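K.L.:
The lines below spell out each chain.
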Amino acid sequence: DSGVTQTPKHLITATGQRVTLRCSPRSGDLSVYWYQQSLDQGLQFLIQYYNGEERAKGNILERFSAQQFPDLHSELNLSSLELGDSALYFCASSLSPGQDSGNTIYFGEGSWLTVV
Amino acid sequence: AQSVAQPEDQVNVAEGNPLTVKCTYSVSGNPYLFWYVQYPNRGLQFLLKYITGDNLVKGSYGFEAEFNKSQTSFHLKKPSALVSDSALYFCAVRDLPSSGYSTLTFGKGTMLLVSP
Chain A
1 DSGVTQTPKH LITATGQRVT LRCSPRSGDL SVYWYQQSLD QGLQFLIQYY
51 NGEERAKGNI LERFSAQQFP DLHSELNLSS LELGDSALYF CASSLSPGQD
101 SGNTIYFGEG SWLTVV
Chain B
1 AQSVAQPEDQ VNVAEGNPLT VKCTYSVSGN PYLFWYVQYP NRGLQFLLKY
51 ITGDNLVKGS YGFEAEFNKS QTSFHLKKPS ALVSDSALYF CAVRDLPSSG
101 YSTLTFGKGT MLLVSP
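Protein chains in written order, with our numbering: chain A, 1 to 116; chain B, 1 to 116.
Among the clues, some could well be false.
Computed cross-link-like contacts, DSS-like style, restricted to lysine-lysine with a CA-CA straight-line distance of at most 27 Å [as the list claims (entries may be wrong)]:
1. B/58 <-> B/69
2. A/57 <-> A/9
3. B/49 <-> A/57
4. B/49 <-> B/108
5. B/108 <-> B/69
6. B/108 <-> A/57
7. A/9 <-> B/108
8. B/49 <-> B/69
9. B/77 <-> B/58
Source of the hints: derived by calculation from the structure; they are not laboratory data. Since the structure is predicted, the reported quantities are computational estimates derived from the model, not experimental observations.
Produce the complete structure using the sequences and hints provided.
P.N.:
Right, dumping it as structure tokens:
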């Protein structure tokens, strides 16, 4: 158990709908990351937050957004869903993402999203 | 940008034999390298990392990895494979976006199959 908690574990929804994935980081970790894993794209970095502020952005679609709350939990919002958005979405956390940080990034078990 | 390559989609090994899962990297500056494992229907689990120091890094479940700067490689190894080691293995490198906050860039993964 990494200590990163993600809900829901599985989600099935229809095209055009909106979903919210939730993540609680490890105790004491200030940085939260979101990754998408799909068969064709592999593991893709989406976005990172540190202590409530967005710090890095990867291949995140405009239909997707995220935020980190004062209690450090994070939510990933996916809207206008398409079939191609079906994937495993991982949340991860680390103590600090500082410039020379070799801090380990710990991953949750993921949220399986199926768009039908 | 930093990148890693995992040249093998799949590695097959018999139980009790040594195993190697290959990873090469391309970075500017000092490389921070990681290995993660994903068991079926589970999240990514951290195995080990190289930040600095000894070129042979020891990690969880008896795995180790050898950092080779001249060959820009970071191969994962285990002296004696177990059937329970069968999983998907990811090599990753710390990436530094312009924000200065590091994230991880992953290889495409290598499926390890250990036969009884």
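K.L.:
Against each hint, give a clear statement of whether it holds in the structure.
P.N.:
Right, here's what the structure says about each hint:
no.: 1; hint: B/58 <-> B/69; verdict: holds (17 Å)
no.: 2; hint: A/57 <-> A/9; verdict: holds (24 Å)
no.: 3; hint: B/49 <-> A/57; verdict: holds (24 Å)
no.: 4; hint: B/49 <-> B/108; verdict: holds (18 Å)
no.: 5; hint: B/108 <-> B/69; verdict: holds (21 Å)
no.: 6; hint: B/108 <-> A/57; verdict: holds (20 Å)
no.: 7; hint: A/9 <-> B/108; verdict: holds (23 Å)
no.: 8; hint: B/49 <-> B/69; verdict: holds (15 Å)
no.: 9; hint: B/77 <-> B/58; verdict: holds (10 Å)
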